[in-house]
Structure formats: structure tokens, C-alpha cells
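**Q** Below, each chain spelled out in residue letters.
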Amino acid sequence: MRLGWLRALPRRLWGGPAAPELCRSLCQRPARVPSEGSDSAEGTPKPRRAPSRDPAEGDTRGGDTSGGDASGGDASGGDTSGGDASGGDAPKPPLSRLRSRHERTHGDPGGSGGRADPGAAFEAALRELSRAPPGRGGRLALVEAALAALPALGAERSLGAYNALLRLLPRGAWVPRGPVQRLLFPFPRQQECGLRLLEQMERYGVMPDAETQFLLLGVFGPRSRPMRKLQRMQFWLPRLRHLDPHPQLPRPLPPGLEAARLGLQRMACDPGAVISVIQAPVPDSGEDEGSIQPFIVSCQSPDQRELLAQHGPARPVFVEGPFPLWLRGTLLKYFVLRGDPLPPELRDPPPDPERSFYFPLHLELELERGPWDEDGFAVDRAEEGPVLALCVPGGAARRCLARWIAALQEQNPALAATPVIFRLQPAAEPPPRARLGQGSPPGPGPEPPEGRGAGRREPRERRGIKGCADGRGCR
Amino acid sequence: MALAVMLLNGASFHSGCCRRKVFLSSLGPLLSNSKLYSSYRRPGAEPEKKLSWQNADFSFKKSIDHLKTQLSLLKKETQDYLKGPGGNPLSQHLLEQTRVLWQFRSQEDLNKWVISSDVEIGGKSKVYIKLGRNNQAALLYGTLNTEVPRDGETKYSGYCSMRSKPEVGSFNRKKYYDWSNFNSLYLRVRGDGRPWMVNIYTDPYFSHQKDDLYSYFMFTRGGPYWEEITIPFSKFFLSSRGRVQDNQHPVWLDKVRTLGFTIGDKVDGPFQLEIDFIGLLNDRAHKEKFAYEAYDKNTPV
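Just so you know, the sequences run in chain order A and B. So the first sequence is residues 24 to 498, counted in this note's numbering. So the second sequence is residues 43 to 343, counted in this note's numbering.
These are calculated hints, taken from the structure and not from any lab test. You may find that some hints are simply not true.
[Stated by the list, open to error] Label-pair restraints from in silico Cβ distances:
id	chain 1	residue 1	chain 2	residue 2	range
1	B	S94	A	F237	33 to 39 Å
2	A	R262	B	G194	31 to 37 Å
3	A	P261	B	K207	44 to 50 Å
4	B	Y267	A	L206	39 to 45 Å
5	A	F237	B	L136	23 to 29 Å
6	B	N130	A	R421	52 to 58 Å
7	B	K207	A	A303	49 to 55 Å
8	B	G311	A	R392	31 to 37 Å
9	A	P394	B	H108	22 to 28 Å
10	A	P442	B	V142	52 to 58 Å
11	A	F445	B	K207	37 to 43 Å
12	B	N130	A	R351	57 to 63 Å
13	B	F248	A	F237	38 to 44 Å
14	A	I444	B	L124	53 to 59 Å
Note that the structure is a prediction, hence the values are computed from the model and not measured. Every residue gets a Cβ at the ideal spot worked out from N, C-alpha and C, and that includes glycine.
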């Protein structure tokens, strides 16, 4: 069949050999195809395609774009000259520039000082790899394997590592030539590899920079799927990045005592709360911090001290816990010193015995407020006793808590006369069998209301996270 | 004439469609065990062998009971309709600035919610819900496990969620929440420092939008104090199957079907969230209509 009318179509519609050239010129790299001499000066050598095609890099272009296909095959096969061995000798200005930028942008606030950055080490390894490439193909498989290995190497949050991976991919060979090829989802495995890389960046919250955009533009061309994904990330990541209203935690989180201090700062809503170290850890740093003597950190605000002073010795106070607190990826256990909820006759000030119901001394008329200004919720809020102090122990709970209460008694003399009841829950037990899709948990049942001895404890109430359903008596 | 016949045909076809839909929804209690509404099938799982009507229970007594229940519901709806919008007098409807949607004080309140986790896709997370101390709040707790099921297809795992059951009227008619008088969601919660996602599901007209969710985040502080979180509805963004969509629009507040909470912060370990009540608030200081740009974002590069 003669398709003479095909030739009459504008040449740009089918794409021509100019598209890779255009991308390469965008990347400011010398062209590879015509002259082998210029190829040797190339910084990051392009992977050459093996004669027997690697399945991971398989070319899946259809035959209907044959004009572009043939020239593309030529273009990718044209660089079989030995530019790779000598390519490593040339200095790589974009690499060095990139590294410096990476160190600038990815500097961790907490811990980039003394330790070597795993991202930088990974980048150096990739640089070595690009200097002496293992073979002609397999870059796609290499990038995918590296993506899977990044979390294990600790470089999953380093932007430079991702950029270095993108730099391994060839420029221009996977750019569709013309709108028809672009419509047909060209190079699906290659584009999906790019998408996977971007998705992993998104998963670990790495914000792509202009370098990433530049590299993706060279590898996949404009309006490709990785480019679209990058645009979406550039749009959404800055919007959703700083939504957390709480003070930002350092990354990585410091271990031990410092983490406990940060946790107490986060939990105490009062800026005047005093965080005091009751017992310092004995090896006070390093891996085995607190192995001989664990730390105890306590937190009490002036208001809480006042509440504790007003709390009469007739009613007991309770030590409850442990409750979990997550600081990004670190689990802390904290304990609460809590009073009973006050009975209503103590909560409100007593009415004036002299007052008259018929001739009140002051009127509470709010003439400027209409019936549409009622902003309260018609609900009885969950009530609990006042929190009197907080504690994060570093080791075994019972001993630490006794020490904590002793230290609190020094600061609050009223506590010495007050009975303290320890209402601790056993260590986390796995709750019974998972039953999904139903509102009721497996077998909690109503608690027996009263009259349990202190030592007796039914196994039924030794479950999970909150032990006692009723207010008291469980010791 | 031909046009009129065509119109008539169209009308009858349309009404027939609707009637079939009503018939299907009235079959709901019969087909309660079937998986008509869940389209997800785990990779590697066998397709359902039994036909859907084979699970139906055609007992006469059950249908009479069902009819009684539905008729009493219909009676209550009629009375509410005569009283005013939403069963409240008109003055309250016009003047209310806050509304309590859900509070957790008894087991019936917990039964209005459905909990689920990635066990559905083969994961290993666990989630439970129960009443808190003194029957005062709902305690949603469990363990998050990000271990990916080994079926060769699933890439991510590790989520737990809690979702309100969609409201239905008598004879299983769909009912929607109309929240258009309010502009903020109000939650009184106590968490453990982990972030949660708040999802609003609005009933779509087309079935290809059935996975659309409007989401925003709820960052709990942790600690022994209750916190009161206000989330304006203008902040909710549209996502479908976990992907944020390019074309955004404000949430349809008059077609809200369910509200849900999801945890999936990629951290293995126990979590817990206590919810006291969930309400709506008309925050008159909040003037924002929509927080995200609504223009076309796929401009040529």
C-alpha cells in the first residue's frame, strides 16, 4: 500500500530526528551521533544499548512511528564508540555544582554536623559508577534496584541521591518525537521508572528542585508523565508541607533524655511549665544512655502546683499510665498525676447566703447579643480530673515513679499528706482476635462496678490500653 | 409525533431505571451478606462462586418485621417533615451556629461507625473501637503495621480507618447530611501525637466518581489534655483513590454522605485516638471560600 498522503503531512506531526537533538541541546551537551570525538568529552556517559536488547530497557515503540523509530535506534546505537572509558577523566562541573547544592539544601537541622551524610556517600558511589560504567544497558534496572535500596542505605530523604539516579538515565533517547508518539504512551517502562522515582520522593517528603526538573526534562521530554507528576509535586508539596501546627521536631530526633524533654514540652500546653530532670541518666550519652540509672523527667506548671496545693488530703490523687506519645517515629511513655474530678459542690463557689432571688444585685443582660450568637455546643463534654503533673521515665516504671513522687513531694508539701494511688496498666497485651467492620470491640463487656479487692484482679480487665472503666478502686 | 414518542420512551425508560434502583435498594436487607457494593477483590482471591441472590433470605417473618420497621421510620420522617427542616423548628434551623453531629456516650453511638483496616487488602494492622473510661468518649486504638501483603501487586500497606455509616431513610432511601449552614468541622479529641486524615465522602452522581474523597489532616498534640480542633471546610481538597486531583473544587456540603478518619503515617506501632464529640461550627471570622487554586493546572510546558 502506498501511503503517499503520509508524506504530505507536516513533518513535525510524525516527529523527526530533531527531537532528541533539541533535548540534548537543552541539556547543553554535545551531540553524540555524528562525531565520536565530542562524545568523549561527555561528562556522564550515556548507557549504550546492547545489540541484544535488555528486557528492562526494552524498546516498545510501535511500528507506526517507524520514521522516528529508525532514527531513534540509530541515535541510541550511534554512541557505541569508546567514549565511556575516557569520559571519566573529564571533570564534571554539573556534578560538583549539584553536590554543593545538595549539601546546602538538604542540610539537616539536627545531625548533619559530625556524621557523614548517607546521601552524599550514595551520590559518590553513583559518581564512581558513572565514571566506569558496568555495561551498556541495564540503567533502568540499576535505578530501580537503587530505589529499593535507598531506605536501607539511609539516603531516602536525600534529594541529591535522587538527582544522581536521574543523571544515570540517558538524555533524549526516551523523548517522544511528535504528538502522535506522545499520544501512544511511548517508553512505558522507562516512564514508569521515572514515576516510581518521583513517587518515592513524594513518599519520603523530598521536595524536587530545579535540578530534578531539568534532568527529567532531558530524559523524558516535556509533557511526559514524569514531568506531569513533577508539576503536581511542585504544586502540592509546598501546600501540604507545613500543615502541622505544633512546633517542628528536629530531624533526626535526639534519643533518650532530649526526646523526653521534647515530648514534655509538646504535651504541656502551658508555656510557663517547668521541665525538671529529677534523675539524670548515669551514662549520660551514647548508645547505652541510662543503662545504669534511667532518667526521670517531670513537668509541672505553676497552675498545676497551685491546684495540687488546694487539693485536700481527704481525696487521693492518682498516678495513671503509661500512655503513648509519638514524636514522629519515636514512642515515649508518659505518666500522669491526676486528681479526681471535683464534686459539683466544690467546683462552683458557694452561693451568697445573703442574696435575694427577687432583687438581684447585678443583672446579666447581654443586650448586644442576639439568639444567633450562641456559639456553645449542646453537649456534656467528657470530664476528667485535673492533671497535676507529667512524667516521662526512662526505665522500669515502678521504681522511677516512686522516685518521681518523692521528688514531687519535696516541691509540693501538700502531696506528702495526700494518698497516692497507682493505677498502672500492665504492659501492652495484644488485644484479642481482630473483628473488623463492626462497631463493638471484642469482648470488653461492662466492668464490675465496685468492691474489688486491691490484689484481686480479674483477667478480663487486664486488657489493652485503658484498663479501668470506672473511676476508682482499681489498684 | 415521533419526537413525542421518543420523549415518552425516554421518560418511561428513565423512570424504569429509577424504579429498578429503588427495587435494588429495597432488596438491601435481603442481600446484606453479598458483596454487591464492595468492588475490591484481593489479588489472588477467588471470585465469588455463589450468585448474589443465593445469599438472600426469603423468610416471610423477616420481611414482615422489616416492613414494620420501615413503616415506623416513615412515620417518624413524616412527623419530622411537618415539624420543620431536619426535624427541628424553623427558628432553630435559621439561628443555629453550632450543631453536634456525633457524640460517644453509649454503645449505640459506636454502632453508627464502621472501623476497617488494611486487613481487607491482606495487611496486618489491627484496629478496635470501644467506649472510654466512664462511657465518656470513643477510644479508637490498635496497631499500625506497614508490612506489605505478599501478593505481588500491592505496593503499600498500613492504614486503619473509622467511618460513619451512611444515613438511610425509610425503605433504604439515601439521605444526605446538609452542612451548608456551617463552614467548619469541630472535633474534641485526644490523640497520641500522630497525624490523622479527616475524609468527607459526598455522594457523586456518576459512578466513576465514587472513590472521590475530600480530605484534610488532623494533627493531634498528644498528652493528657483534650484538644479542640477546628477544620474549615474550605481546606478540604479533592482526592480520588489516594491521589490528589488536579481540578479542585470545594466540597459539596449539601450532599455529604459519610465522615471518616484514617491513620496511615508509615510508622509501625500502637496508636490511639479518643473522640469526645464531632460537631459543626459556623465560624464567622472565617471568610475563605476555597484554599486551593481552581484554575486549569495542566498548562503546556
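**Q** Honestly, do F237 of chain A and L136 of chain B meet the 23 to 29 Å range at C-beta?
**A** violated, 58 Å
**Q** Please test the hint of 31 to 37 Å on the beta carbon pair from G311 of chain B and R392 of chain A.
**A** Violated, since G311 of chain B and R392 of chain A (Cβ atoms, about 48 Å apart) do not stay within the stated range.
**Q** Between K207 of chain B and A303 of chain A, does the C-beta distance stay in 49 to 55 Å?
**A** holds, 52 Å
**Q** Would you say the C-beta atoms of N130 of chain B and R351 of chain A sit inside 57 to 63 Å of each other?
**A** At 44 Å between Cβs, range violated.
**Q** Could one say that the CB atoms of R262 of chain A and G194 of chain B fall in the range 31 to 37 Å?
**A** At 34 Å between Cβs, range holds.
**Q** Just tell me: holds or violated, for the beta carbon distance of Y267 of chain B and L206 of chain A against 39 to 45 Å?
**A** violated, 57 Å
**Q** A range of 52 to 58 Å was offered for this pair. Does it hold for the Cβ distance of N130 of chain B and R421 of chain A?
**A** Holds, since N130 of chain B and R421 of chain A (Cβ atoms, about 54 Å apart) stay within the stated range.
**Q** For S94 of chain B and F237 of chain A, compare the CB-CB distance with the range 33 to 39 Å and indicate the outcome.
**A** Since the Cβ atoms of S94 of chain B and F237 of chain A sit about 55 Å apart, the hinted range of 33 to 39 Å is violated.
**Q** Are F248 of chain B and F237 of chain A spaced within 38 to 44 Å by their CB atoms?
**A** Holds, since F248 of chain B and F237 of chain A (Cβ atoms, about 39 Å apart) stay within the stated range.
**Q** Quick one: are P394 of chain A and H108 of chain B within 22 to 28 Å, going by C-beta?
**A** violated, 42 Å
**Q** Between the beta carbons of I444 of chain A and L124 of chain B, is the distance compatible with 53 to 59 Å?
**A** Distance hint for I444 of chain A, L124 of chain B holds at roughly 55 Å.
**Q** I want to verify a distance hint. Is the separation of the beta carbons of F445 of chain A and K207 of chain B within 37 to 43 Å?
**A** For K207 of chain B against F445 of chain A, whose Cβ atoms are near 40 Å apart, the range 37 to 43 Å holds.
Of the numbered hints stated above, those contradicted by the structure are hints 1, 3, 4, 5, 8, 9, 10 and 12, listed in ascending order.
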